[in-house]
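The residues making up each chain are set out below.
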Amino acid sequence: MNVYCTNKFAVEFGKLKKNKKYADLEQLLIKDFLSGQTIADVNNGDLLNGSTIAPFLKKRVPDAAGYRIYYYVIIKDDDIYLTWLHPKIGPAGIDNIGKEFKKQIQKDVIACIKAKDFLVMKLTPDNEIKFEEYVPKQNVAVQQNKASK
Amino acid sequence: MECTTSKNRVIDTLIEVNKVSVAEKTNKQDSINKFLDKILEVKQDLTRRADDLSSINEKVGRVTWVQNLTDEELETMRKIIDLLDRIIVSDKKYFIKVSTFISRSKISPHELSLFKISLDDLIERRQDLNDRFFSLPDDDEFMNDLKELESL
Numbered sequence: 057m058n059v060y061c062t063n064k065f066a067v068e069f070g071k072l073k074k075n076k077k078y079a080d081l082e083q084l085l086i087k088d089f090l091s092g093q094t095i096a097d098v099n100n101g102d103l104l105n106g107s108t109i110a111p112f113l114k115k116r117v118p119d120a121a122g123y124r125i126y127y128y129v130i131i132k133d134d135d136i137y138l139t140w141l142h143p144k145i146g147p148a149g150i151d152n153i154g155k156e157f158k159k160q161i162q163k164d165v166i167a168c169i170k171a172k173d174f175l176v177m178k179l180t181p182d183n184e185i186k187f188e189e190y191v192p193k194q195n196v197a198v199q200q201n202k203a204s205k
Numbered sequence: 429m430e431c432t433t434s435k436n437r438v439i440d441t442l443i444e445v446n447k448v449s450v451a452e453k454t455n456k457q458d459s460i461n462k463f464l465d466k467i468l469e470v471k472q473d474l475t476r477r478a479d480d481l482s483s484i485n486e487k488v489g490r491v492t493w494v495q496n497l498t499d500e501e502l503e504t505m506r507k508i509i510d511l512l513d514r515i516i517v518s519d520k521k522y523f524i525k526v527s528t529f530i531s532r533s534k535i536s537p538h539e540l541s542l543f544k545i546s547l548d549d550l551i552e553r554r555q556d557l558n559d560r561f562f563s564l565p566d567d568d569e570f571m572n573d574l575k576e577l578e579s580l
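Residue numbers (this note's numbering), protein chains in the order written: chain R, 57 to 205; chain W, 429 to 580.
It is worth saying that the hints were derived from the structure and are not from the lab.
One or more of the hints may lead you astray.
Under the rule of at most 30 Å between Cα atoms (straight-line distance), these lysine-lysine pairs were calculated in the DSS-like manner [what the hints assert, rightly or not]:
hint	chain 1	residue 1	chain 2	residue 2
1	R	73	R	155
2	W	575	R	159
3	R	155	W	471
4	W	471	R	144
5	W	447	R	73
6	W	435	R	155
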């Protein structure tokens with residue numbers, strides 16, 4: 057399973073990570089998305105858009121008092137795109153996202169997939185999340201070719 | 429087979445939500461009236477209420493996955509949302525009453541906190557349920573974007 061995210065997600069994660077109140081966020085994300093899960097493992101939660109081809113999901117992490125993680129599952133490509141997150145309680149707590157915000161998230165993910173402008177989420181050796189620029193496979197091959205010459 | 433399962437899930441959710449909506453009237457009225465004797469009862473009631481709301485929350489989350497609803501099933505979904513509204517209004521009032529009660533008694537706020545978490549989750553799920561089956565499907569822009577996303 058490939059775990060990607062939008063730039064907006066990465067920025068919001070960065071802000072929350074700096075807040076001591078949300079010190080558990082990173083490890084919870086790692087546990088639920090970056091611990092060898094398959095698409096079947098993450099294709100659950102609340103279905104927000106009714107699609108079984110590109111489900112837009114909300115996951116409560118770890119529970120109703122915790123965080124809300126919003127993501128798209130592109131089943132045919134074995135990809136997930138984390139698009140937004142927020143805590144439910146605390147200084148940055150939000151009750152919910154509304155219809156217009158859901159629409160905007162969908163537009164964002166379409167734009168980022170079309171432009172290939174998203175980030176790859178990976179784990180560092182120190183068990184932290186890092187974000188890398190996505191490099192299309194053909195570009196990787198070109199770069200490797202140049203390096204070998 | 430799929431239609432039967434969807435219909436059963438929707439009806440099952442309606443029954444559960446209706447049961448909780450009716451149960452709340454009998455469960456909470458007595459516990460606040462008799463101050464000292466009812467403290468334990470209030471604590472137990474909060475816990476039971478939180479469990480009831482959690483049970484509905486789980487069912488509401490699962491019902492978001494039903495597909496291809498008939499008009500009749502959509503009408504049932506509408507009834508579910510109306511019942512959720514009723515529960516939310518009533519339990520919000522209950523929360524305020526109990527909060528006031530707690531400030532004058534020795535009830536630990538823990539049970540109240542758990543109840544509030546379940547109630548807030550229900551409010552959130554009610555909004556998402558309405559968006560899922562009514563607001564977003566009725567929004568042409570959203571549905572066109574979704575078609576585009578599914579074809580990428």
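Hint check results:
For the hint pairing residue 73(R) with residue 155(R), the CA-to-CA distance comes to about 26 Å; that is within 30 Å, so the pair holds. Proximity of residue 575(W) to residue 159(R) is assessed by CA-CA distance (about 13 Å); at most 30 Å being required, the pair is judged to hold. Using a Cα cut-off of 30 Å, the hinted pair residue 155(R) and residue 471(W) is violated, with the two alpha carbons roughly 36 Å apart. The suggested pairing of residue 471(W) with residue 144(R) holds, with an alpha-carbon distance near 24 Å, which does not exceed 30 Å.
Taking the CA atoms of residue 447(W) and residue 73(R), the gap is near 42 Å; set against the 30 Å cutoff, the hint is violated. Note on residue 435(W) and residue 155(R): the hinted pairing holds, with a Cα-Cα distance of about 26 Å set against a maximum of 30 Å.
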